[in-house]
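Mind docking chains B and C on chain A? Use the hints.
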Amino acid sequence: MTDNYEVRDVIDKETLSTVKSVGDSYKYGFSTDIETEYAPLGLNEDIVRLISKKNNEPNWMLDWRLKAFNRWKKLKQPDWALLKIPEIDFQNQYYYARPANMKEKPKSLDEVEPKLLETYSKLGIPLTEQKKLAGVVEGVSIADPENRKVAVDAVFDSVSVGTTFKDELKSAGVLFCSISEAIQEYPDLVKKYLGSVVPISDNFFACLNAAVFSDGSFVYIPEGVRCPMELSTYFRINAENTGQFERTLIIADNNAYVSYLEGCTAPQRDESQLHAAVVELVILEKAEIKYSTVQNWFPGDENGIGGIYNFVTKRADCRGKNSKVMWTQVETGSAITWKYPSCVLKGDNSSGEFYSIAITNNMQQADTGTKMIHLGKNTKSRIVSKGISAGKAQNTYRGLVQIGGRSQHSRNFTQCDSLLIGNKCGAHTVPYIEVNNSSARAEHEATTSKVDEDQLFYCMQRGIGEEDAVALIVNGFCKEVLQALPMEFAMEAQKLVAISLEGSVG
Amino acid sequence: MLKIDDLRVSLEEEEKQIIKGLSLSINPGEVHAIMGPNGSGKSTLSSVLAGKDGYIVDSGTVKYDGSDLLETEVEKRAALGVFMAFQYPIEIPGVGNMNFLRTALNSQRKTRGQEELNAADFLKLVRSIAKDLEISDEMMKRPVNVGASGGEKKRNEILQMCLLEPKFVILDETDSGLDVDAMKLVSKGVNSFSSSSRSFLVITHYQRLLNYIVPDFVHIMVDGRIVKTGDKSLALHVEETGYKNFLQLGKEKH
Amino acid sequence: MNYVNTSDWYNSLRREFEISGLGIEKVSRRSEYWRKSNLDIVSDFSQDNSQIDLTNLKGTSLHEPDLIVHGDILESVTERNYQVLNIMDVIADEKSFAKDFFGRLEKKSQNIVPRPLARDNTLNPKVGYVFSLSDSFNKPLVIHNKTDTSVSGSFQRNLIVIKEDVEATIIETGNNLSVFNEVTEIYLEKNAKLNYLDLTGENNVSPKIAHKFCDMAENSSFNHFGLRLNTKATRSEIELHLNGKGISTSIANVCILNKKHHYSDENVLINHNAPECKSRQVFKSIIENDSTSIVRGKIYVASEAQKTDGYQSSRSLLLSENSKFFCKPELEIYADDVICSHGSTSSSLDRESLFYLLSRGVHKNKAKEMLAVAFISEALEEIEDESIKSALSNYLDVWISSFFHE
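Residue numbers (the working numbering), protein chains in the order written: chain A, 1 to 506; chain B, 1 to 254; chain C, 1 to 406.
Hints are not guaranteed to be accurate.
Taking beta-carbon pairs under 8 Å as the criterion, some of the chain B residues facing chain C (in silico) [stated by the list, open to error]: (1) 70; (2) 72; (3) 90; (4) 93; (5) 94; (6) 95; (7) 98; (8) 242.
The calculated DSS-like cross-link candidates involving lysine-lysine, where the alpha carbons are at most 27 Å apart (straight line), are [said to hold, decoys possible]: (9) B:188 x B:167; (10) A:191 x A:346; (11) A:371 x C:364; (12) A:377 x B:52; (13) C:36 x A:377; (14) B:141 x C:389; (15) C:260 x A:377; (16) B:76 x C:364; (17) A:107 x A:149; (18) A:74 x C:364; (19) A:424 x C:260; (20) A:191 x A:74; (21) B:110 x C:364; (22) A:84 x A:450; (23) A:84 x A:380; (24) A:450 x C:307; (25) A:149 x A:380; (26) A:321 x B:16; (27) B:167 x B:131; (28) C:307 x A:392; (29) C:364 x A:392; (30) A:191 x A:54; (31) A:74 x A:53; (32) B:184 x B:110; (33) A:27 x A:54; (34) B:244 x B:63; (35) C:307 x C:278; (36) A:27 x A:479; (37) B:20 x B:228; (38) C:389 x B:63; (39) C:245 x C:193; (40) A:450 x C:278.
Hints listed in this document are in silico derivations from the structure and should not be mistaken for laboratory results. Using N, Cα and C, we set each Cβ at its ideal position, and we do this for glycine too.
Same shape as in the complex, but just chain A (with noise of 0.2 Å):
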């Protein structure tokens, strides 16, 4: 790591503070009441030519979606993950919805509806470039004694809103703008890089994604540059029945350093609604990008009604020597969770490493993990993983670690603990690990326990409620995780932790 992030350990009594004053445990669950222009029900060819059109697409961008789409048609939905997903009626649902008067497309951030900066600034995102990132849980103003700065895109449904610093980035040569400005305004980047780390027909969800994706962020580090402040793009689900399938392209040029952060949040709803969203990490020589995550979409409600289907592919190509990439993930939300960010580690010496937090509660189902693919000689791996079941939950770590006959001396290593609270939900570790090089070293440790009563035990002798001590000692289980994250988002996901498993114990 080459920035230290410290987790400070007052935040253990700021999150029993949350605890206590939270109320109703999903705070995003309210709607934004707008004007929304709606594609027509329904998934077929004309959709994938409007939504081309509405993004005034040229006509190899077309191609591409129509090529994705053709070979969606023959691909089956897959049903190797430990999750029971109910039938998902692709022609029921909308595949583009975007505030009415985002027709056409604001200048600046100024010219943006006062009603979804009203939105974002509820949640904790000001879209104004005076602020910076508060983050997806409410309430929490972070004192930054760095003043650091966070620069945001602001994904609403089928859209980009905004994004700030825009110009202060590009002054650094930085790129950093929604997907479908980047189609226009940098074909030549996209074409080169998009869907070279995720191929169109690479999956199910995936493929979906090629030929419907609305919109997402894009960001180019232009060789040598050190991004000069956090990119962020924030992600909501507002219309209803309507699926949001978004487009994250990221590349790092040689030298190239850039962090980024990602949350989402969507209205509770009793529908369920479907997010498949792709990310494509390029990393080039001696680069580096850092990408974390926290997931908050609506859960659904505690009898599993309603709640995001989140089926998301993650994957980051280190295609350069000496080239690393860092996934970190808090995953408290959404009804169902298929998602695996991984690491294509091609270029010799390259580096990968995943840190998760994975949080079910209630109906909430994950089956998630990442996967760890060496290919260069000296490459490395980390995983991490941390899965908490609670509830009526199932919570299955899944992930594969595979060393190539020819990647010499690379090495790997797995921890993955899984904690469940209370009888009823279930705790799933499925790793694949197959090594195909004696010089390689490979290691992988698991367990699966409940809370140490005699950890519960301390703390309640000493005055805590049984539901605080089980907040506190699941932050402890999870520290290495939130020691990874960036200093806004590990407060924030500290508190998230603890909001997430409200209702478990007793």
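Chains B and C in isolation, oriented as in the chain A frame:
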């Protein structure tokens, strides 16, 4: 006995030179101490002498009893009488301590063309050494170093030394992690083992071990070379003033 | 239709299984349980026409047979105090006790993992032993399997019932010159105990697929030790059903392959269906010369199975560039008050340990040998019977020593 001439050593992985022109001559019966701050290259020197891989000798020679030590295989060096007491003796689960000791002793004897020791004689020998070093039978039955405390591991190293009877002994930070009693015990083992034909190279960060194992020569090592050599009083001097005066010496030599 | 010389109960079971078997996922690389596996194992790829009767583990007391299964013939060599029946007679007998047992476990063991080859076996048994044990064995029962090249595809079907409080040890060894598909259904009553050693050596020049399904009652105990010594191609599928309190079980395996393109594939599924049970799995593989070791070990803990203690360790030592190790240590847990863990490592010989031994003058090959012997010792420790353990351990020491001094 040992003659190091302008030795330069780099790390295999990092292309970084650690020992930058070190010369040292040790005669039979002499006790030499090398002292130096962390990162001065002390442990690299002991590793290279024992033959650990991961290092590249850029230039220089090491002669041991007239033969080229650096060209000699690790196990051959041991049979020739080179012994290193490790700073962090490794645990080897599944390999019983007795089996290990007997295999080591007899392998060396075989290499030297000597007859192997039979089980009864071996047992007698080991027991008497273990007794002197206050190592329990239970400890001897365990796998090599498994479940042993820091002090027990160091005593086990000394036991191996007494059993294998080397001619040239490197004590690599043998004092680290030892309390006073353990240090006395270890020193007693070393002192009773020393003779006019045996030489010692004592590598240490602190002076305190040298109160018990008294050196004939003290060398201060800074940044990959010996910057000052003196007698045991030099060690006391370092204890008082620290290494900072010598750091400058290291720089001047560049 | 009816089958010649078989009982009504077997015929109706067969009909039922034929129909339900249509749903069983076929052997394919796309199956979770055959990913990376050598599919040649289902076809007879033996080119070796040697007729030499190689006997496993010569020089130990473990290979003198009490029972010989040779092709389709079952032969008792020694006098025992219980009756051993041939499965072909049993499935022809309308009144056999076996009708309450036969096929039941096979069916139950298809629930999570599809086992098409076990189903084949149920439909086509050719030979096998059946016994119900009411008194403990005073010495291990040594079973010697022999198939020769004249048989194409041998289906052996065994049934073992061990009554309350009875203990037994079975050692299975032998040689296979044609594809060998074995299913053993084992029923352990309360407090019953079975130690089973499946010792497969390099004379197994043909694929061997062995299934063992075990139904376990309260406080029973099943300890399985598998040895794969330069086997050409073996696949083992073990599934245990822990149905009562206080069961303990251990599955240990040592696999040493140093011949070109040899292959061993171990699959274990332990179903913890009852509280306070303990299971251990210890796999050790030493692989060299383009050979492959696969280990899939799964612990399933049902929500009733509180206080489960499940442990799995799968470790491999890869000694040459192209040796391969594939491992899938799986946990599926629905009870909260459990302690389950697994660890897996794959690497070449530890350089630090090797250096330590060399620095004490131990010769290189000897040092490697010592580390290899130490490496498998954790699995051997799982064997309870001291005399069997030391016989096997001595045998393996010599074998490993020749491995490094060739």
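So, going through the hints one by one against the coordinates:
Below 8 Å, beta-carbon pairs count as interface contacts, and residue 70 of chain B has none with chain C, the closest being about 15 Å; its hint is therefore violated. The closest approach between the C-beta of residue 72 of chain B and any C-beta of chain C is roughly 11 Å, which is over the 8 Å cut-off, so the hint fails. The restraint placing residue 90 of chain B at the interface with chain C holds, with a minimum CB-CB distance near 5 Å, inside the 8 Å limit. For residue 93 of chain B, the interface hint holds, the least distance from its beta-carbon to any beta-carbon of chain C being 6 Å, beneath 8 Å.
Taking 8 Å as the C-beta contact cut-off toward chain C, the hint placing residue 94 of chain B at the interface holds, the least distance being around 3 Å. This hint holds: residue 95 of chain B has a C-beta 4 Å from the nearest C-beta of chain C, less than the 8 Å allowed. Against a cut-off of 8 Å between C-beta atoms, the interface hint on residue 98 of chain B is violated, since the closest Cβ of chain C lies about 12 Å away. Interface restraint check: residue 242 of chain B against chain C, minimum CB-CB distance 32 Å, threshold 8 Å, status violated.
Straight-line distance between C-alpha atoms of residue 188 of chain B and residue 167 of chain B comes to about 18 Å, which keeps the hinted pair within the 27 Å bound. For the suggested pair residue 191 of chain A and residue 346 of chain A, the alpha carbons sit about 21 Å apart, so the restraint of at most 27 Å is met. Restraint check for residue 371 of chain A and residue 364 of chain C: the C-alpha separation of about 37 Å exceeds 27 Å, so the hint is violated. Distance restraint check for residue 377 of chain A and residue 52 of chain B: the Cα-Cα separation of roughly 23 Å lies within the 27 Å cut-off, and the hinted pair is therefore satisfied.
Using a Cα cut-off of 27 Å, the hinted pair residue 36 of chain C and residue 377 of chain A holds, with the two alpha carbons roughly 23 Å apart. Using a Cα cut-off of 27 Å, the hinted pair residue 141 of chain B and residue 389 of chain C holds, with the two alpha carbons roughly 19 Å apart. A threshold of 27 Å between alpha carbons decides the hint, and for residue 260 of chain C with residue 377 of chain A the separation of about 25 Å falls inside it, so the pair holds. For the hint linking residue 76 of chain B to residue 364 of chain C, the alpha-carbon distance of about 10 Å falls within 27 Å, and the restraint holds.
Of the pairs offered as hints, the one joining residue 107 of chain A and residue 149 of chain A holds, with about 22 Å between alpha carbons and a cut-off of 27 Å not exceeded. With a C-alpha separation of about 58 Å, the suggested pairing of residue 74 of chain A with residue 364 of chain C is violated against the 27 Å cut-off. Between the alpha carbons of residue 424 of chain A and residue 260 of chain C the distance comes to roughly 49 Å, so the proposed pair goes past 27 Å and is violated. Our distance criterion of 27 Å between C-alpha atoms is met by residue 191 of chain A and residue 74 of chain A, whose separation comes to about 25 Å.
A hinted pair counts as satisfied when its Cα atoms are at most 27 Å apart, and residue 110 of chain B with residue 364 of chain C qualifies at roughly 13 Å. Between residue 84 of chain A and residue 450 of chain A the CA atoms are separated by roughly 24 Å; this keeps the pair inside 27 Å, and the hint holds. This hinted pair does not check out: residue 84 of chain A and residue 380 of chain A have alpha carbons roughly 34 Å apart, beyond 27 Å. This hinted pair checks out: residue 450 of chain A and residue 307 of chain C have alpha carbons roughly 11 Å apart, not beyond 27 Å.
Taken as a hint, the residue 149 of chain A and residue 380 of chain A pair is broken in the structure, with Cα atoms around 31 Å apart against an allowance of 27 Å. For the proposed pair residue 321 of chain A and residue 16 of chain B, the alpha carbon gap of about 20 Å is at most 27 Å, so the pair holds. Taking the CA atoms of residue 167 of chain B and residue 131 of chain B, the gap is near 23 Å; set against the 27 Å cutoff, the hint holds. A C-alpha spacing of about 19 Å is found between residue 307 of chain C and residue 392 of chain A, which places the hinted pair at or below 27 Å, so the restraint holds.
This hinted pair does not check out: residue 364 of chain C and residue 392 of chain A have alpha carbons roughly 56 Å apart, beyond 27 Å. For the proposed pair residue 191 of chain A and residue 54 of chain A, the alpha carbon gap of about 19 Å is at most 27 Å, so the pair holds. For the given pair, residue 74 of chain A sits about 24 Å from residue 53 of chain A by alpha-carbon distance, which is consistent with the 27 Å threshold. This hinted pair does not check out: residue 184 of chain B and residue 110 of chain B have alpha carbons roughly 34 Å apart, beyond 27 Å.
With a C-alpha separation of about 32 Å, the suggested pair residue 27 of chain A and residue 54 of chain A falls outside the 27 Å cut-off, and the hint is violated. Between the alpha carbons of residue 244 of chain B and residue 63 of chain B the distance comes to roughly 32 Å, so the proposed pair goes past 27 Å and is violated. A distance of roughly 9 Å separates the Cα atoms of residue 307 of chain C and residue 278 of chain C; the hinted pair therefore holds under the 27 Å criterion. Simply put, residue 27 of chain A and residue 479 of chain A have alpha-carbon atoms about 24 Å apart, close enough for the 27 Å limit, and the pair holds.
As the CA atoms of residue 20 of chain B and residue 228 of chain B are separated by approximately 15 Å, the hinted pair is consistent with the 27 Å bound. This hinted pair does not check out: residue 389 of chain C and residue 63 of chain B have alpha carbons roughly 49 Å apart, beyond 27 Å. A threshold of 27 Å between alpha carbons decides the hint, and for residue 245 of chain C with residue 193 of chain C the separation of about 14 Å falls inside it, so the pair holds. For the hint linking residue 450 of chain A to residue 278 of chain C, the alpha-carbon distance of about 17 Å falls within 27 Å, and the restraint holds.
Of the numbered hints stated above, those contradicted by the structure are hints 1, 2, 7, 8, 11, 18, 19, 23, 25, 29, 32, 33, 34, 38, listed in ascending order.
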